[in-house]
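Heads up: the sequence lines are chains A and B, in that order.
Here the numbering used here is used: position 108 in the first sequence is 324, and no number is missing along the way.
Here the numbering used here is used: position 26 in the second sequence is 202, and no number is missing along the way.
Take these hints with a grain of salt, some might be off.
Taking CB as the label site, the calculated pair distances span [claimed, not checked]:
hint : chain 1 : residue 1 : chain 2 : residue 2 : range
1    : A       : Arg405    : B       : Thr813    : 42 to 48 Å
2    : B       : Asp285    : A       : Val376    : 23 to 29 Å
3    : A       : Ala461    : B       : Asp351    : 53 to 59 Å
4    : A       : Ala458    : B       : Asp363    : 22 to 28 Å
5    : B       : Asp831    : A       : Ser226    : 24 to 30 Å
6    : B       : Lys243    : A       : Ala263    : 17 to 23 Å
7    : B       : Ser360    : A       : Ala476    : 42 to 48 Å
8    : A       : Thr495    : B       : Thr487    : 34 to 40 Å
9    : B       : Glu632    : A       : Ala461    : 46 to 52 Å
Not everything, but these chain A residues come out facing chain B in the computed CB check (under 7 Å) [as the list claims (entries may be wrong)]:
hint : residue
10   : His406
11   : His457
12   : Asp477
13   : Thr495
In case anyone wonders, no lab produced these hints; they're calculated from the structure.
For each residue, glycine too, the CB sits at the ideal point set by N, CA and C.
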Amino acid sequence: MKAPDFDYQSPETLEAALALLADADGMAEPLAGGQSLMPMMNFRLAAPETLVDLNGIPGLSGVAIEDSWVAIGATTRYCDLEDDKEVIEAVPLIAKVLPHIAHAAIRNRGTIGGSIALADPAAEMPAVLLALGGEVVLQSASARRTVKADDFFLGIYETVREPEELVVAVRLPKAKPHDRFGFHEIVRRHGDYAMAGCIVAADATLAGVRVAFFGVGDRPLRAERAEDALAGSDGGPAALHAAVAALSDLECDGDVSTSADTKRHLAGVALKRAFSELTA
Amino acid sequence: MTNPLTLYDRPNSYIGHSVPRPDARRLSEGRGRFVDDKVLPRMVHAAFVRSDMAHARITSIDISDAKNSPGVIAVWTGADLAPHVEPYVGVLSHLAGLRSAPQMPLADDVARWQGEPLAMIVATSRALAEDAVALVTVEYEELPAACDMETALDPDAPVIHQEFGSNLAWERTVDVGDTKAAFSRTDVTLVERELRFGRHTGVTLEARAAIADFDPSEDHLTFHYSGQAPHMMQFIFAKHLGLAEENVRIIAEDVGGSFGIKIHTYGDEIATAIASRLLKRPVKFVADRHESFLTDIHARDHVVHGKMAVTQDGQIAALAFDDVTGIGPFSMYPRTSAIEANQVLNLTGAPYDIENYHARARVVFQNKNMMCQYRAVGHPIAMAICDGLLEDAAAAIGLDPVEIRRRNLMRDDSYPRASASGMKLDDLSHQKALERLVDMMRYEALREDQARLRNEGVFRGIGFCSMVEVTNPSPMFYGIGGAPIASQDGATIRLDAGGGIQVSSSVTEQGQGTNTILAQIAADIFGVDLDRVRIKTGDTEVTPYGGGTWASRGAGIGGEAMLQAAVALKEQVLDVAAVILQAKPDDLDIKAGKITDTDGTERMDLSDLARTVYYRGNELPSDLKPELIATRHYRVTDFPFVFTNGAMAAHVEVDTDTGIIRVLDFWAVEDCGRVLNPLLVDEQIRGGVVQGIGGALYEECLYSEDGQMLNTTMADYLVPMSAEMPDIHVAHIETPTKTSVLGAKGAGEAGTGGAPGAILNAVNDALRPLNSSLWQMPMTPERVLKALGKV
Ligand SMILES: Cc1cc2nc3c(=O)[nH]c(=O)nc-3n(C[C@H](O)[C@H](O)[C@H](O)COP(=O)(O)OP(=O)(O)OC[C@H]3O[C@@H](n4cnc5c(N)ncnc54)[C@H](O)[C@@H]3O)c2cc1C
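Looking at chain B on its own, in the form it has when it is part of the complex (with noise of 0.2 Å):
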């Protein structure tokens, strides 16, 4: 793999390749397998009374009317299954400090949050069990509430949870090189920010589903689940309900969007899984559109106050803000709420050359809905703030955002090296990318029309960001906490009888195309046609065991375990060829689904091969054993992270008399190393840059002041649509990671990553004739009128 052309030169060359999805034409006919398609015998389903109050002592709970409901089949509160379930706690040993209250299915003695579980209620159909929610009385007495972040740290601020004395859940410090002097300094200019970004959350297609599935006769958990950590969420399933591993099988077929959002531990899904243990049947679990919206895990809701010194000549002479984030009243499980303030720290500033970097986080309990890791952790609020003031600065000092840029991003031929909070960085590009994406947006011309547009009262924007994205985590990131989260994932490969090969993998889909990748990769690397790949995915108790996907490591993980395996084959299957035909392996290859000479002559096809393994062993030699069946695995050494690089832009035009924006073009150029499938790549950077767009314009948990969500509809909770949406531009920078044979990086993450600082940026560029900024995430027309001092 030294040298890539040989792979694009031969046949079933579909590496690097827009191959089409196998599995489109099954989901398009609507035979797709999603947890709520399924029908299991005896299976009955679940709904939950939810807490109306953010903060309230639970005086009492009358099930008695629910209990007699039409269809009814148990109705438990949080006291009646207590007894079933281990409490878990959202810490880890890595994030020292971090500390997190036990947590229960249902809520017990206090509720913390609107929408917190408090009683689940079993019924015939999920609308009889409705009924029955309606007809259960909670009493509660009010609890002062620490709803507001800004605040749950004054002294005088409610304390959810007593034994802590306040609501700091964790704080973190960064501090390298000398931030005061630099900023003392008289030939800098400073600019100060404050930038806020609201909640928002993963709005997926498919809700949060489970159908659990209890055999008390083997007591065993079968849990089908729309999901992305299939093995992770086996360990917690059994430790929690106190079963064996091994009796814990997690199905997650068909997922239909995951973004982060299903990879936590929820108390409605452990509740189910204990219901259908107490039930001795199957029970089913589907979050509708207002508990996804309640319940589902929200993401960001930072606020930041960020300073950046440059010099005259536009060095960045030092950077420095301090985060406060709130995350509800617990940190999650078991991936701890913790993660994403911590990816702020280590990651903002990554992209440039800064000797002074200092930076606080504080991570604040609150009592709203929990907050964690969502598509690009951390990532849009570090870039955004890094990329932010850099533009501020170069506004400051008259010098162009993309020059200041050229004057401090990492140069190409640096690396290896760390950045200024001590990541370890390699195979970047981040000079490439911005020259890249400079020539292909016409950057020069669109200038030019801008000014002339500007005379028209016409405000158009153009605003950058150069970003770095974390992929392929090594066990750096969960594993060394202790959280039961595997880094390495597995591969198998077998060569059935006829000819075709059966693969599975640790890794999951949930609609990015994980299993495209992996059969373009099994088939490559091995020898046949596409067609001839079954690919198994999410499910325990058949696959290797891993991770699953995350933090954009499906192929970069996944695909090199999935390359070493079909090596491994197609040295055994040789090695038999070699017999049969009595020649030497090195001599032969495999292609199309036959065995060859390496000049490409037909010798034998790979169904006689196997027909003769498994069925005619008396004709091979007694001390030939062959396996044809190979597993590997892979995961990352000697770099905690591959990190990848983009540069991006976005065209803005701002009405300054609705305050409406409209994102005119975006352009994103991005090196996540080799490009297996280019339409994938590519569609992983649109979607990506749409939920980032989403972030930046639209979309905001809104709540009350005592802590109710306020839009809990998708009429009222805006996500971005296509008629909105710019066209995309995608480029890439291909710098394979030394790291892998494959290599490569991930990709789903950069778009939501990078986009937001981008669109800040361009915002701000059509805002400042106007001497106005925004600062505020989503920039929503309300704000944009109000920073234009117009309401």
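Chain A extracted, bound-state conformation (with noise of 0.2 Å):
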């Protein structure tokens, strides 16, 4: 399929970019990687009047570091952030769940924000950002607020952002000296959106837990019930078992060829995976 007619505008400031999306009444899109917009747009699944490209605005892609926060701007690539060895200590998560993001050829083009802002339920890196307890910054031409990961993401494909906001970076917690991470997805195929995905970050002694899913729900979901069974506890198979159970009322949804049942249970064998892979 061809994408329908549109405008296509390459702003050069970012405020520049908020006046345009304010002057659109929503009617415009911001334009990252394209690796999600260009096909939906080619399926017309989207017909934006009007393309915002982003990729020319100075300042929105990079890393800052800073004292407990890693903050990555928008426009900030896969490719980019894998090969930087200052986010991987800063954020070791990063270097476990990047290689399972698509391809290379997808990496290289594809930005952080685009799928943050895309909020794909089967995406990795809003599981990630939920996982970590991070934060997006959301700019519009008239304010700029920063939303935490827990209230950012409502459903397939929906944000609180509104339509004349830009995500303009999202912020990672650093992780402290023994904080540990656990990542495992399950595919069918290498690069595949997962079919379910778990994520466990936790402090040197399971005081503290957190554990996120991708690929299972209308959006990333956070297992607050399996937290409370690993926090605390000596992370034996006990507890890991009542981890397991206790995703009983995980809000999952089936898809094409995956029923909720069964996305339930690879949602528990890869918390499992997950959670023994717990590394530095």
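Both chains are sitting in their own frames, so use the hints and assemble them into the complex.
Printed below as a string of structure tokens:
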């Protein structure tokens, strides 16, 4: 399929981009890596009147490492994060996750802001944000706000972002010494969106644990009951068993080839495997 | 050619060697000429409004807004195009009783499958045509649909074609020996299974594509076509558009994969030709991926109840099965959608000595996209039925799966003979192939590993498939039933003044290397270097008449015609050389572009000879009238098909928590007769195995209950990808066919035919200690988990 006709704007400043979005009355869409938006336009699932290309805006990409946070500019590409030793040291989970996002060619263009803004329920980055308790920085022509990961995702491709807002940065907490991370995703083919995926973030003693799932429901999901089962436990088989049992109320949805029940089963498998892979 | 060694020993011995493809550089430098690369003057673009419903009466189509949309040149509905086309019906007389209703390029009154074209838009670009598609409003009155093939024959099922009274398109039964008596013997062990094979399709890199270019001044249609049977298409366009056959030229230059998908009559392509005729200008239609999934023919879709009895020492006492297959609302034209089921009946059990055989197939209409011939037609079903039940039976009596084959395979010295279903077989090597396979896969060691790993909770399985492949078909396949499909093919070879040769052939190239094979044979047999050969295929105006490429016939049939033509040209050239050199033809030869004595001493350059003939004929005796061009045709006689055989094995690991199956290794021992180019044959086997793995593990066209296809993107329809593919180890037994001098059988479909059975057996071997088994393809994680009782 061919995309319907659209206008193309390539603003040189963030202000200009935000002004374009503010004036567009919801009919403009930001363009980042285009790895999701272009196919959606060709399938005519998206038909923006105007594309506002973010790629020419200086300052929207790149990483700032702060005392306890890492701020990643929205148009920072996966491939740049993959190669960034400082980021990987500050957020080691990123190094575990990135190789599982699509394929190298897509990571060369795809951006972290695009993935967060898109909010594909099977995407890895939204779950990373949720598991780490990160934040999303949103900006419109008139205001700037920071939203916690727990409050950001609403449903399939749905977030609290308003059409005139841009994701300008994604903020992830820096790992503390002895923090540990586990990641596991179940895919039939390397690089696919996950059938079920799990991220576990824990401190050294398992006093604090966050568990996030992707690919099982309508958005990245925290599993708070599973977290409770693991928090303060010895991390042994009984605790893990209880954590898996606690997924009974995880809001799973089926897809074309996998039922909700199977998703829940796979979520349990992914949790066990992610937990067993907890490493610093 | 009785002694192949003489071929290997002299210059230009290309037959049997892995020469690189002459067209590889052109294609890799982006100079391919695929249909979509072509831009003709005044060319316009087509897009189609397609049915959203599986079964509905079309109460109205409002095209007024579409007509006024920017760039739109024409909008037509089914009623508009109907006067310009003769309807087509997909039946053949040798498939007795097969029925189907007349088809039109655009549905008129009733839409019978989601995706069926209803209206055509022609505009100055495809994007603008798609804009207009969105402006067409179709009003439907939904009709009850028969989507599920298993209930489509129920008495209360909605009947798609009222005139037939039921949804049965065709039924055939084969009954040999006495299966009933054999099954009721007290000394046999019975296994009985329901096998399910999902619908999938052949995902070609290049989608279906066409440019129709009608010239009213000559009443002539040129059709640029991405496909594999140019002369068949010539007939079809001529007949159904009312043109003289010689006034239809089909050009198929580079084709990006076909696999049987592009060998059928598609409404949108016929409509494209009509549009060009009506508009008197070129019209291009290139299917997008969504249209490809919805409308490229689908394949398989069988539910089989199968039963086998074996004696205590593992002899097959009887094999019986009942197959139901859904084909969509029509039988595809002109090859029909009954051939697959027919093949299942013909091929099941063909590697084995089976005396009692009962098989029934019912082919049913349903409200889904049409099903038709795709790579390895019927083979994966036939092989999985017999080999699946055979390994099940082996396990039931505690016999090793290799051993049970040893006890049942047809003996290599028992040919010529027939299969249980009556297929004539010759020159096969099942026993040799199996022993070679067992040897190359280090079977014993693999079994030891398997046992050790099971104790560690790792579930690996080893599965086999002994298979046959139908290749090099005679007229018995289609022509006998009235299909406009040639089973003979021709090759022309011409010596040019510069000493190079021009070759043309009626077989075609879709990326598999046919042109390379033809060049190898021409250069080898005639005696020039490979780079002095130019090949032309895929143009009805300049090539000899023939069937094109299907049923693994390109090398075996087209190659033999090439060989015969090259032999003939060589004789002509040596006759002329003998006169010029005052020698006897028998004392001369052609090597590396030179006329030589038989000992290799150079006598004259081929170009000198050709220039003498073409420019200075005055130097020749007046009764010598050299042609320097030869055409030969070849068809298989005496046998309906030239069968090949193979033995394959898969090694898989089942993750019993996720249900994901990993194929660790795959082995294929294949006997395609003379191997003309080992590299190309190995790649055919490997590519075929990958498509077989696709059918076994990944690919499935998923439909909702009301006939909506749910996965029409490459994100949702999973094709096998390289990261998951195992090493595929290939070895050959060469038992040349006696039907030709070349001795080559086909090789293109073996992997696709045999791999699913081997994978099925390997998975069930892995699941056996868990007392589970799975008989449904693709074997998805969810199905594995269900088989294990985990969900
Ligand atoms: C074959 C294939 C496989 C893939 N597999 C995976 C996978 O396994 N896992 C995975 O996570 N992803 C996968 N993807 C998606 C890929 O990662 C996308 O690139 C990514 O999700 C979106 O990033 P992008 O920069 O390309 O965004 P775009 O496609 O440019 O934009 C996506 C959406 O976000 C909006 N947007 C973009 N940037 C901003 C911003 N700064 N502020 C507000 N809105 C914005 C756009 O308007 C658009 O609606 C795959 C893609 C392909 C083509």
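Run the structure past the numbered hints and jot down the numbers of the failing ones, going up. Structure breaks hints 2, 4, 5, 8, 9, 11, 13.
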